[in-house]
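Using the sequences and the hints given, assemble the complete structure.
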Amino acid sequence: MPSVLLTDSISVELGAQEPWPNDVKLFQQYEVEQILLPDNANCLAVQAFLKMCQLNHTLEMRGNAEHMSPSGRVPFIKAGAFVVAELDPIVAFVANKGVTLTERLDTTQKADMRAYMSLVSNVLANAELYVSWVDPATYEDVTKPRYGSVYPWPINVFLTRQKRNQVVRRLRVLGWQQKTLEEVYNEVEHCCSALSERLDRQDFFFGKRPTELDALVFGHLFTLLTTPLPDNRLATIVRSFSNLVKLCQVVERDFFEKTNGGGSSSGNGEGDYDKLEDLNQLPM
Amino acid sequence: MELIVWDGEARYGLPSMDLKSLQMMAYIKFSGAPVTIIKSSNPFRSPTGRLPVFKCTDGAFSDFNQVATFLRKQNFSCDYELSPKQCSEVVAYEQLLLEKLYPALVYLWWVEPKSYYDVIHKWYFSSMPFPHKLWYPRKYHQGYCDLINSMFDDPDDNQLVETELHKQAQECLTMLSNRLGDREYFFGRSPSTLDAVIFSYLALLLKVDLKVPVLQNHIKACPNLSRYVSKTIQRFFPSDLRAEEQAKRKAHRSTDTRDSPPKDDVPNKGRNLLLSGLVAFSAMFGYAIAAGLVQVDMGEPPTEDDYDYEYDDYNDGESGGS
Chain W
1 MPSVLLTDSI SVELGAQEPW PNDVKLFQQY EVEQILLPDN ANCLAVQAFL KMCQLNHTLE
61 MRGNAEHMSP SGRVPFIKAG AFVVAELDPI VAFVANKGVT LTERLDTTQK ADMRAYMSLV
121 SNVLANAELY VSWVDPATYE DVTKPRYGSV YPWPINVFLT RQKRNQVVRR LRVLGWQQKT
181 LEEVYNEVEH CCSALSERLD RQDFFFGKRP TELDALVFGH LFTLLTTPLP DNRLATIVRS
241 FSNLVKLCQV VERDFFEKTN GGGSSSGNGE GDYDKLEDLN QLPM
Chain U
1 MELIVWDGEA RYGLPSMDLK SLQMMAYIKF SGAPVTIIKS SNPFRSPTGR LPVFKCTDGA
61 FSDFNQVATF LRKQNFSCDY ELSPKQCSEV VAYEQLLLEK LYPALVYLWW VEPKSYYDVI
121 HKWYFSSMPF PHKLWYPRKY HQGYCDLINS MFDDPDDNQL VETELHKQAQ ECLTMLSNRL
181 GDREYFFGRS PSTLDAVIFS YLALLLKVDL KVPVLQNHIK ACPNLSRYVS KTIQRFFPSD
241 LRAEEQAKRK AHRSTDTRDS PPKDDVPNKG RNLLLSGLVA FSAMFGYAIA AGLVQVDMGE
301 PPTEDDYDYE YDDYNDGESG GS
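Read top to bottom, the protein sequences are chains W and U. First residue of the first sequence? That's 1 in full-length UniProt numbering, and the numbers climb one at a time after it. First residue of the second sequence? That's 1 in full-length UniProt numbering, and the numbers climb one at a time after it.
Calculated from the structure, these hints are not laboratory results. Check the hints yourself; a few may be wrong.
If we take Cβ atoms under 10 angstroms as the criterion, some of the chain U residues that face chain W in the derived model are [what the hints assert, rightly or not]: (1) Arg-45; (2) Val-90; (3) Cys-172; (4) Asn-272; (5) Ser-276.
Positions of the beta carbon are idealized from the N, C-alpha and C atoms, including for glycine.
Below, the structure written as C-alpha cells:
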C-alpha cells in the first residue's frame, strides 16, 4: 500500500512534541444572538468530539470568530502555538497527541466511518447552508438579522450580502442552488434514513463507544432539532427517526450534562442547559 | 429505452470518456436492463443539453440517481441482494467519492493545464463535430475551474491546491482498497450500484494517461483495485477490450513501419517546400516593389527619333569626314 504524502508526516512530527495544553480555547460566534444553523452544527460537533476525548477546553465567543479563523470557517481551537480550524483537522491534530476514538476499529470500519462522515458533511451541511442562505423566508427572518447583528450599519448590510454571494456561488457549483426546497428536504430525509439504517439499535454507530462520526451526527442533528426556524420541516424530518433522536439524547446526557455538572470543562453552561431542556420537550 | 453517452476511446480501452456516462453504462450492464446504448460526441442534440442522457417513457434524465430510480421501478436493479444496511452504505460511499475523489479527478482532467491541453481538450476537440467543438470543451473547462476555485480560499496557489487534492484522493483510494480487500466486488460476488459508481472513477483514473500520473500510479500500487477495474471491463465491456487490443496492435504496426523509412513522416515534403518558398518569395518581392526598394522602370522607352537623329548625325559626320 502506498504511503501518505510527505506533508502529513511532517505535521505528525511537529504536533507530537507537546502534550494537550490546559488553556485550550474553542472560538465560535455568539451562540444566542449571532450563530447560524450550519456554523452551530459544526461548533457543536467539535465540542462533542473534544468532550468524548475528555480533553479540557473553554469556549470563547467572539463576534468576528469567522474572520479570526485560519480557514475562514468556525469553529477553531487554539492549543499552545497551534491554531486549528474545523472538525477534520482537529481530529487529526488530537490524534497526533495520541488521543483517538477509533483505535479499536479495523480498516474497513474506518473506511465506513469516513464514508458516513462525508455523507453528513455533504448532505446535511449543504442543506443547512441552503435553508439559511437560499430559502428567502429563512434568509429574511433569521439569517439576515442574526448574521449582521454584531456589526454597525452600514457594514452589516455589506458583509451579509458578501457572505450570501459567497455561499450561493459555492452551492451553485455543487449543484445545490438549482434545487427546490422540496428536493432539499428529500435529500435530508434520504440521508437521515441511511444514517438510521446504519445506527440500527446500537448506542453509537460503532458499538458501545462513540467515534467522531457520532460527534458529527450529534452536532448536525441536535442543531436541526433545537433551532427554531420559520419552517420547522427539518426538525420534523429528523424527529421521525427515533433512533437518531435517541443518539442525540444519549450523547447530550453522557457528555454535555456530566461535564457541566462536574465543571471539569467549564464551557458555556447556560447555553447547553437551555438545549437540554429543548430536547426533553421534544414531542416524541 | 435508450441511453446516449459520450464516446469511448479505443486507445485507453474505455467504453466512455465521461464519468457519468460510464456510471450509467455500468449500472445498465450490471442490472441487465434492455437499454440500447448509443455512443455520441455531440451534446447539442440531447434533449437536456447534456450527455449522457437516458430517454424513456417518463422523459429524459441526465442524473444517475434518477435513472437508477426509474430502472428500479421497471424492476431492473443490481441491489436486490443487499441488506438495508448495505444500501445505506451505498449512499454513504457515493458521497465519500463525491467529496474526496471527484474534485481530484476534475482537477487532473480539466484544470491542470498540461493534461487539459495535451490530453483532454485534444480528445474532445478531435471527437466533436465542427462548430460545437469550438464552444463545449471551453465551457466545461470554465465550469470545472469554478468548482475548484470555490473549494479553496487561495485558488491561485496551484501547489497547495494540488497537494491537498492529491492527499484526499490518495487517502480515499487507500480506504477503497482496504474496503474491497480480496473480494470480487464491494458487496461480495455480484456487482451493485456502488460498484457502478466506484468502477467509473477508478477506470478513468487508471486508464487515461495524464501528464500528472500521481493517482494512476497510486491505483497501480493497489493491486486489488487495478485487478477490479480490468476484471469488470473484461466481464461487462468485452468489445472495448477488443478495440483496445486492436488499437494497440495498429499503433505497434504503424510505429514499425515508420521506423524503416525514418524521414517519410510528412508526405510530399519537396512539393510543400517549393510551394512555401514560392509564396514567401512572391510576398517579399511584392513588398519590395510596393515599398519602392526595387524600381522597375515602366516608363516609355526612348523614342526612335532621337536615336535616329543621332545616328543620322553620326552618319552625316562620317560621310562628311570621308
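Outcome of the hint check:
no.	hint	result
1	Arg-45	23 angstroms, violated
2	Val-90	9 angstroms, holds
3	Cys-172	8 angstroms, holds
4	Asn-272	47 angstroms, violated
5	Ser-276	48 angstroms, violated
In summary, the structure is inconsistent with hints 1, 4 and 5 from the numbered list given earlier, while agreeing with the others.
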